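J.: Build the full structure now, drawing on both the sequences and the hints.
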Amino acid sequence: MLSDKKVYSFNWAGKPLRIEIGELAKQANGAALVSYGETVVLSTVTASKEPKEGSFFPLTVNYDERAYAVGKIPGGFIKREGRPSDQATLSARLIDRPIRPLFPEGFRNEVVIGNMVLSLDLDSSAQMAAMLGSSLALSVSDIPFFGPIAGVMIGRVDGQFVVNPTVDQQKKSDLHLTVAGTKEAINMVEAGADQIPEETMLDAILFAHEQIKEVIALKSK
1 MLSDKKVYSF
11 NWAGKPLRIE
21 IGELAKQANG
31 AALVSYGETV
41 VLSTVTASKE
51 PKEGSFFPLT
61 VNYDERAYAV
71 GKIPGGFIKR
81 EGRPSDQATL
91 SARLIDRPIR
101 PLFPEGFRNE
111 VVIGNMVLSL
121 DLDSSAQMAA
131 MLGSSLALSV
141 SDIPFFGPIA
151 GVMIGRVDGQ
161 FVVNPTVDQQ
171 KKSDLHLTVA
181 GTKEAINMVE
191 AGADQIPEET
201 MLDAILFAHE
211 QIKEVIALKS
221 K
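Heads up, the sequence shown is in UniProt numbering, so the first residue is 1 and it goes up one at a time.
If you're looking for bench data, these hints aren't it; they were derived computationally from the structure. Please read these numbers as outputs of a predicted model, since none were measured by experiment. Some clues are possibly wrong.
Derived pair list, reagent style DSBU-like, types lysine-lysine, alpha-carbon separation capped at 35 Å [said to hold, decoys possible]:
no., residue 1, residue 2
1, Lys-49, Lys-213
2, Lys-183, Lys-172
3, Lys-183, Lys-15
4, Lys-6, Lys-52
5, Lys-183, Lys-171
T.: This is how it looks when you write it as structure tokens:
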């Protein structure tokens, strides 16, 4: 892991994106603090020194979205966080799917990726910030990884594609598309739509890949 603090700032879809590496979680193999809008996510990655037995790659992706991230205290008599919500589990799977295929074939060391949402801005996707952070944490670590990757959400409002739409834009959108991949190819698509033509869906996916390549180019500087 890089020992010197490095900070990268740029604009992504009209919002500030800031990446910090080299200062937090120094005992992890890799870590990155990603701020997107008012959303802040700490991503860490650790790996076992020895491979595990069996034919399955033991990768675990965690995504923790706590009440304090939105300035609230858990309700009920016991003021403590419960188990991860269904949405948090789905977010972890969303990050897992594009990352898992990019480890070397036969790599069997246990890898754990943790994403902790420290601050949540509903108009700035924590899932996309966590995906960026997970990829960057792996990229600066000593773990073999054929990345980096990035992810992007695409909506369509009044016939125009919108990158990482806000909550209000999502309500008006007839397309809800999440795409992730490397600069060379797309390796994950999740979508819901209201009778979108196939040509429009293909255009949206290709548009998403262009956004992904831009983010990866910025991350590679």
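J.: Now tell me if each hint is right for this structure.
T.: Results for each hint:
1. Lys-49 x Lys-213: With a Cα-Cα distance of about 33 Å, the restraint between Lys-49 and Lys-213 holds, given a limit of 35 Å.
2. Lys-183 x Lys-172: 30 Å, holds
3. Lys-183 x Lys-15: 22 Å, holds
4. Lys-6 x Lys-52: 33 Å, holds
5. Lys-183 x Lys-171: Judged against 35 Å, a Cα distance of about 30 Å means the pair holds.
In this structure, every one of the numbered hints holds.
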